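Enquirer: Mind docking chain B on chain A? Use the hints.
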Amino acid sequence: EAGVAQSPRYKIIEKRQSVAFWCNPISGHATLYWYQQILGQGPKLLIQFQNNGVVDDSQLPKDRFSAERLKGVDSTLKIQPAKLEDSAVYLCASSLAGEDTQYFGPGTRLTVL
Amino acid sequence: QKEVEQNSGPLSVPEGAIASLNCTYSDRGSQSFFWYRQYSGKSPELIMSIYSNGDKEDGRFTAQLNKASQYVSLLIRDSQPSDSATYLCAVNIQAGTALIFGKGTTLSVSS
Chain A
1 EAGVAQSPRY KIIEKRQSVA FWCNPISGHA TLYWYQQILG QGPKLLIQFQ NNGVVDDSQL
61 PKDRFSAERL KGVDSTLKIQ PAKLEDSAVY LCASSLAGED TQYFGPGTRL TVL
Chain B
1001 QKEVEQNSGP LSVPEGAIAS LNCTYSDRGS QSFFWYRQYS GKSPELIMSI YSNGDKEDGR
1061 FTAQLNKASQ YVSLLIRDSQ PSDSATYLCA VNIQAGTALI FGKGTTLSVS S
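Respectively, the protein sequence lines represent chains A and B. Residues in the first sequence are numbered consecutively from 1, following my numbering. Residues in the second sequence are numbered consecutively from 1001, following my numbering.
For the record, the hints were derived by calculation from the structure and aren't laboratory data. Fair warning: there could be bad hints in the mix.
As the list claims (entries may be wrong) - So these bits of chain A aren't anywhere near chain B, every CB distance computed over 10 angstroms: (1) Q17; (2) G40; (3) Q41; (4) K44; (5) N52; (6) S66; (7) E68; (8) D74; (9) Q102; (10) P106; (11) L110.
Said to hold, decoys possible - So the derived label-pair ranges between C-beta atoms look like this: (12) A:L113 <-> B:R1077: 43 to 51 angstroms; (13) A:L113 <-> B:E1057: 42 to 50 angstroms; (14) B:P1010 <-> A:Y10: 23 to 31 angstroms; (15) B:Q1080 <-> A:P81: 28 to 36 angstroms; (16) A:L96 <-> B:K1056: 15 to 23 angstroms; (17) B:I1018 <-> A:S7: 37 to 45 angstroms; (18) B:A1095 <-> A:K44: 43 to 51 angstroms; (19) B:Y1051 <-> A:S7: 33 to 41 angstroms; (20) B:Q1080 <-> A:E14: 39 to 47 angstroms; (21) A:Q41 <-> B:D1027: 14 to 22 angstroms.
Quick caveat: nothing in here was measured; it's all calculated off a predicted structure. For each residue, glycine too, the CB sits at the ideal point set by N, CA and C.
Bound conformation, chain B alone:
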């Protein structure tokens, strides 16, 4: 059974702080890793993808991957109230296959 685990939260941070979201996965053969943001009542929106060990930065977002530890994280710098949402971690075994999602972590950024 391929699984993706996330702490459901809620994770509460003040505006301007760094939010750190974590995810572990069970299948060592996983090749691609994604972070989706989902606002309440909306569909998931891709914010980051990462394929190799290390860090990948995009604006205020940094994804980190450690395949040896089967661990993926997302850092959000200078958190804004508009970042309040559920963040879904997803993995797949190879390109063109379905994503396996975690349950999501709810982030709340207070102003």
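Excised from the complex, chain A in its bound form:
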């Protein structure tokens, strides 16, 4: 069974530029999460989708971050414009609907200069 796929793996941008990350969850997983992990911290939820609907985006900085999961499968997370403090690893995770176990993708390491 293929795991959660993410791309790109690494991205370096200048502040005020925009960037987009892509995630493809495990086949059949209705629930998709985007987490932000700053160096030395645990992952923190940005947004949770159930199929193509948003379940929780209370911690998403909506003035600069956006995310979509239009067809209920893969998802895109965008940052525009990026700030220095957005430097982090962006992790995508998926799970079966209503299940506890979340499977993480390899992450995208973003560096904002």
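Expert: Just chain B now, with coordinates in the frame of chain A:
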């Protein structure tokens, strides 16, 4: 504010020893508890989940939960250098919701 607290370490143990990792959580309504292992530069990998008070064993790993004390621990027996990683404690309020993570404890096992 729901919080999960862990000692950041580093925790250093010799090869073959027992490593003990601890975690406390603030929300009494937390239902599910997880330990993830994260190697440097890699994503978190689930190693144990526990849902009820007591101990749960899986190979060299034992998770312990005490809901009255809001305390979760992970014991690693016969520690190996390959166990050197950051261990993240995570909780959630109900199935299908996001995990709340601690900052992680860095474990170093010396040979």
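Enquirer: Now tell me if each hint is right for this structure.
Expert: Hints versus structure:
1. Q17: The claim holds: Q17 (chain A) sits with its nearest Cβ about 24 angstroms from chain B, beyond 10 angstroms.
2. G40: G40 (chain A) not clear of chain B: closest Cβ-Cβ about 7 angstroms, inside 10 angstroms.
3. Q41: Incorrect as stated: the minimum Cβ-Cβ distance to chain B is 6 angstroms, not above 10 angstroms.
4. K44: violated (7 angstroms)
5. N52: The assertion about N52 (chain A) holds, with a minimum of 16 angstroms to chain B.
6. S66: The claim holds: S66 (chain A) sits with its nearest Cβ about 18 angstroms from chain B, beyond 10 angstroms.
7. E68: holds (18 angstroms)
8. D74: holds (17 angstroms)
9. Q102: violated (6 angstroms)
10. P106: The assertion about P106 (chain A) is violated, with a minimum of 5 angstroms to chain B.
11. L110: Non-interface label on L110 (chain A) holds, nearest chain B Cβ at 14 angstroms vs cutoff 10 angstroms.
12. A:L113 <-> B:R1077: 43 to 51 angstroms: holds (45 angstroms)
13. A:L113 <-> B:E1057: 42 to 50 angstroms: With a Cβ separation near 47 angstroms, L113 (chain A) and E1057 (chain B) satisfy 42 to 50 angstroms, so the hint holds.
14. B:P1010 <-> A:Y10: 23 to 31 angstroms: For P1010 (chain B) and Y10 (chain A) the Cβ distance comes to about 26 angstroms; the hint holds.
15. B:Q1080 <-> A:P81: 28 to 36 angstroms: At roughly 45 angstroms between Cβ atoms, P81 (chain A) and Q1080 (chain B) fall outside 28 to 36 angstroms, so the hint is violated.
16. A:L96 <-> B:K1056: 15 to 23 angstroms: holds (21 angstroms)
17. B:I1018 <-> A:S7: 37 to 45 angstroms: Given a distance of about 40 angstroms, which is inside 37 to 45 angstroms, the answer is holds.
18. B:A1095 <-> A:K44: 43 to 51 angstroms: Violated - the Cβ-Cβ distance for A1095 (chain B) and K44 (chain A), about 20 angstroms, lies outside 43 to 51 angstroms.
19. B:Y1051 <-> A:S7: 33 to 41 angstroms: holds (34 angstroms)
20. B:Q1080 <-> A:E14: 39 to 47 angstroms: holds (43 angstroms)
21. A:Q41 <-> B:D1027: 14 to 22 angstroms: Check passed, 19 angstroms falls within 14 to 22 angstroms.
Checked against the numbered hints above, the structure violates hints 2, 3, 4, 9, 10, 15 and 18; every other hint is satisfied.
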